[in-house]
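Please construct the entire structure, taking both the sequences and the accompanying hints into account.
From first to last, the protein sequence lines are chains A and B. Heads up, my numbering is the position in the first sequence plus 3, with the first residue counted as 1. Heads up, my numbering is the position in the second sequence plus 3, with the first residue counted as 1.
Treat the hints loosely; a few may be bogus.
Note that identical chains are pooled: a pair holds if it fits in a single copy or bridges any two copies.
[As the list claims (entries may be wrong)] In silico DSSO-like pairs for lysine-lysine, Cα to Cα no more than 27 Å straight-line:
#1 K110 - K306
#2 K292 - K10
#3 K10 - K232
#4 K112 - K168
#5 K228 - K314
#6 K314 - K232
#7 K292 - K266
#8 K161 - K130
#9 K110 - K314
#10 K294 - K161
#11 K10 - K228
#12 K112 - K86
#13 K88 - K112
#14 K35 - K319
#15 K35 - K266
#16 K112 - K232
#17 K88 - K232
#18 K88 - K110
#19 K232 - K110
#20 K136 - K112
#21 K228 - K110
#22 K232 - K86
#23 K306 - K366
None of these hints come from the bench; they were simulated from the model.
Number of protein chains: 2
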Amino acid sequence: MAIDMIKFTRGVPPPISFPTERLISITTDLLKNESSTLLQYGNSYGYFPLREMIASQFQVDVDRVVLGQGSLQLLDHLLRIEKEKLPSICIEEPTYDRTITIFNRAKAKLTGIPITSDGFDGSYFEKMLAGRKEIDYLYIIPDFQNPSGTIMDLDTRKRIIELAKQHNYLIIEDSPYRRLRYEGEDIPSCFEISPDNVIHMSSFSKLVCPGLRVGFMILPANLAKQVAKIAEDTYINPSFLNQALVFRFSSGGFLDEHLIILKNLYNTRRQAMFQALDDRMADLGEWTKPKGGFFVGLTLSRKVEISSLMKAASSKGLQLTDGRGFFIHGGETFIRLPFCALTPAQIQQGISRLQSTILSLEKT
Amino acid sequence: MAIDMIKFTRGVPPPISFPTERLISITTDLLKNESSTLLQYGNSYGYFPLREMIASQFQVDVDRVVLGQGSLQLLDHLLRIEKEKLPSICIEEPTYDRTITIFNRAKAKLTGIPITSDGFDGSYFEKMLAGRKEIDYLYIIPDFQNPSGTIMDLDTRKRIIELAKQHNYLIIEDSPYRRLRYEGEDIPSCFEISPDNVIHMSSFSKLVCPGLRVGFMILPANLAKQVAKIAEDTYINPSFLNQALVFRFSSGGFLDEHLIILKNLYNTRRQAMFQALDDRMADLGEWTKPKGGFFVGLTLSRKVEISSLMKAASSKGLQLTDGRGFFIHGGETFIRLPFCALTPAQIQQGISRLQSTILSLEKT
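So, in C-alpha cells, the structure goes:
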C-alpha cells in the first residue's frame with residue numbers, strides 16, 4: 004500500500020492559510036473601480052499605491068521602492084546591472100539556495116560566512132574582511148534565517164553596518180519571515196538601523212500567499228532606477244492587479260488580522276517540530292530553536308552519504324532537500340526542516356521516518 | 004489653454020476594450036474553486052490547463068509550451084541560455100524596439116534585413132546569408148509587423164523555412180497581432196508550415212488585456228526546459244491566477260466573441276487613420292496599409308531632424324516615438340502610428356497636428 008509522502012522540502016505555506024474569501028471580495032471591488040489602470044500596461048517600478056504604502060512604512064522616498072514578481076526577481080535584476088567587474092559577495096553559509104543560484108548565474112565571487120547556532124559569525128566576517136580586497140555586497144537573512152532558522156543579534160547587526168561604512172559595501176537584507184515571529188521581541192532590522200547602507204528586500208508570499216507573486220526591494224534611488232529599467236526592458240511591468248490585491252489587503256487592515264491567525268497556526272506546528280525532534284533525534288543531531296519563520300536547521304552528528312539518505316528516506320515516504328544546495332562547500336550533514344505546511348501529526352510522522360531512515364543507514 | 008496631448012507612442016489597447024465584467028465573474032469562480040493551486044507556488048512552465056490549451060491549438064506536445072509574464076520575458080530567458088559564443092541574429096529593420104534592447108543586452112551580433120512596403124525582403128536576406136557564416140536566429144514579426152504594419156507573404160515564409168533547414172538557424176516568430184486581422188485571409192504562420200524550425204511566441208496582451216501579463220512561447224522541448232529553468236531560478240513561477248483567468252476566458256468561448264468586438268472597434272480606427280493620412284500627408288510621406296494589428300508605418304519623404312520634430316510636435320499636443328529606436332542604423336524618417344487606442348476624432352486631430360508640425364519645420 005502506498006504511503007502518503009511527507010515533504011520536508013521547500014518553504015511553502017499551507018493552502019488553508021490563504022485568505023481566499025477576502026481576496027475574492029477585494030478583486031471584485033478592484034476590477035469594478037480600477038480596471039483601466041490594473042488591466043493596462045504600467046510603470047515598471049510597480050503599482051504606485053503599494054509602493055507608497057511600503058515607502059511610508061519604511062520611512063523612505065517612494066523612488067527607492069521597486070515591486071517585482073517576488074523579491075528574488077529583483078535580486079536578479081540588481082545583479083544584472085552592468086558593472087566593470089564581476090561582483091564580489093559575502094553570503095551566510097548555509098543560505099537560501101535560490102540566492103546562491105542567482106549569484107552564480109551572475110558569475111559573482113562568493114565567500115561564505117559561517118552561521119552558528121547563534122547566527123551569523125561576525126568575528127569570522129570581520130577577520131575575513133581585514134585580510135582581503137573590498138566586497139560589493141553582504142547578503143544576509145537576519146530574521147529566522149533560511150535555512151537555519153537563526154537570528155542575527157543586535158550587536159552583530161550594528162557591527163556589520165559599521166563595517167559597511169568603512170569598507171563601502173552594501174548589505175542586502177532579505178526579510179521575508181520577519182513579521183512571522185512566534186516568541187520574543189523584534190530586533191531592529193539593519194535597514195531600520197541604517198537605511199543608506201542597506202538594500203532591504205521582502206515579499207508577501209509568506210504573509211498573504213505566494214501565488215500572487217508580489218515582492219519588493221528598497222534600495223538607493225539610483226540603483227532602484229536601474230533595477231526598474233531592467234524590469235521594463237524584460238517584461239514592461241509586473242502585474243498591477245496582483246499588487247493592488249496585496250495593497251488593499253494590507254491597507255484595509257486585513258493583513259494585521261491575518262498575521263495573528265498565521266502566527267497561531269505556525270507556532271503550534273513549530274512546537275510539534277521541537278517535540279518530535281526531542282523525542283526522536285536527541286542522539287542523532289543538533290537543531291536550532293527558531294523564534295519565527297519557516298525552518299528548523301538540523302545538523303546530523305555523523306556524516307551520512309546524502310544521496311543515500313534522500314533515497315532511503317523517499318522509500319519510507321519522506322522527501323528531503325539536498326543540504327549541499329545551501330552551502331558553497333559542504334552541507335552533507337545539514338537538513339532543512341520546514342514546519343509551516345505540515346500538520347503536527349505529519350511532522351511527528353516525518354521526524355519518525357527520518358529517525359528510522361538514519362538508523363537503518365547506520366546499520367548497513 | 005492646455006490642449007489634450009494625443010499620443011502616437013506605444014502600442015497599447017484602449018481601456019474600453021478590456022472585458023472587465025467577464026473577468027470579475029471568472030476570478031470569483033476561480034478563487035472559489037482553485038485557490039489552493041492558484042495562490043500557491045507552481046511549476047515554472049506556467050499554469051498547466053493554459054499550456055494544454057495552447058499545445059492543443061498548435062498541435063504540439065505540452066512540454067514545448069512555456070508561459071511568461073508577457074512573451075518578451077521568455078525571449079529574454081531564451082537569450083540567457085548559456086552558450087559558448089555570443090548569438091548572431093538577423094532582425095527585420097525596422098522591428099520592435101524592445102526586442103532590439105533584449106538582443107543588445109545579450110550582446111548579440113545583429114544584422115538588419117530591410118522591410119519594404121511588401122514586407123520582409125527575402126532576396127536581400129538570401130544574399131546576405133550566402134556570403135557569411137551561420138546565424139543562430141532569424142527574428143520576425145510576419146503578421147502586421149511592429150512597427151511597419153506589413154505582412155510577410157507566403158512564398159517568403161516558405162523560403163526562409165527552407166533556408167533555416169539548410170543553414171541550421173531557428174526562426175523566432177513573434178505573433179501578438181496575428182488574430183487581429185481586419186481584412187483578407189490568414190496566411191499560414193511559419194510555425195504552422197514547419198513547427199520544428201520555428202520558435203513561436205505570442206501573448207494575450209492585445210487579445211484580452213495587457214495588465215494580466217500573460218504571454219507564451221512554443222519552442223523545441225530541450226530549449227523549453229532551459230527557458231523554464233531560467234524562469235524558476237529567477238521568480239519560481241509566473242502568477243497562475245492571471246494565467247487561469249486567460250485560460251477560462253479563452254476556453255469558455257469568450258475570447259472568440261471578444262475578438263469580433265475588438266476587430267470592429269480597431270478596423271473603424273484603422274479606416275480613420277487611412278482617411279486622415281490621405282487627407283493630410285499625401286505630399287509628405289508614404290505609409291503602409293496594414294490589414295491587421297496596431298500600427299501604420301509612415302516614412303516621411305524628406306529627412307527631418309527627429310528630435311526637433313518630436314519637440315515641435317509635443318508643443319502642438321502630439322507625442323511621437325523616436326523612429327530610430329526601431330532600427331539598428333537610421334530610422335530618421337520613420338514614424339510609427341498606433342491607431343487602436345485613439346478615437347477617429349483623435350486620429351484625425353493627431354495627423355493634422357503631425358502635418359502642421361512638419362510644414363512648420365520645413366519653413367524654418
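Consistency of the hints with the structure:
no., hint, in the structure
1, K110 - K306, "neither (30 Å within a copy, 45 Å between copies)"
2, K292 - K10, "within (20 Å within a copy, 59 Å between copies)"
3, K10 - K232, "between (39 Å within a copy, 22 Å between copies)"
4, K112 - K168, "within (21 Å within a copy, 41 Å between copies)"
5, K228 - K314, "between (47 Å within a copy, 25 Å between copies)"
6, K314 - K232, "between (45 Å within a copy, 24 Å between copies)"
7, K292 - K266, "within (16 Å within a copy, 62 Å between copies)"
8, K161 - K130, "within (16 Å within a copy, 66 Å between copies)"
9, K110 - K314, "neither (32 Å within a copy, 43 Å between copies)"
10, K294 - K161, "within (21 Å within a copy, 65 Å between copies)"
11, K10 - K228, "between (40 Å within a copy, 24 Å between copies)"
12, K112 - K86, "both (14 Å within a copy, 21 Å between copies)"
13, K88 - K112, "both (11 Å within a copy, 22 Å between copies)"
14, K35 - K319, "neither (51 Å within a copy, 35 Å between copies)"
15, K35 - K266, "between (33 Å within a copy, 24 Å between copies)"
16, K112 - K232, "both (25 Å within a copy, 22 Å between copies)"
17, K88 - K232, "both (20 Å within a copy, 26 Å between copies)"
18, K88 - K110, "both (10 Å within a copy, 16 Å between copies)"
19, K232 - K110, "both (21 Å within a copy, 17 Å between copies)"
20, K136 - K112, "within (12 Å within a copy, 35 Å between copies)"
21, K228 - K110, "both (23 Å within a copy, 22 Å between copies)"
22, K232 - K86, "both (15 Å within a copy, 25 Å between copies)"
23, K306 - K366, "within (14 Å within a copy, 84 Å between copies)"
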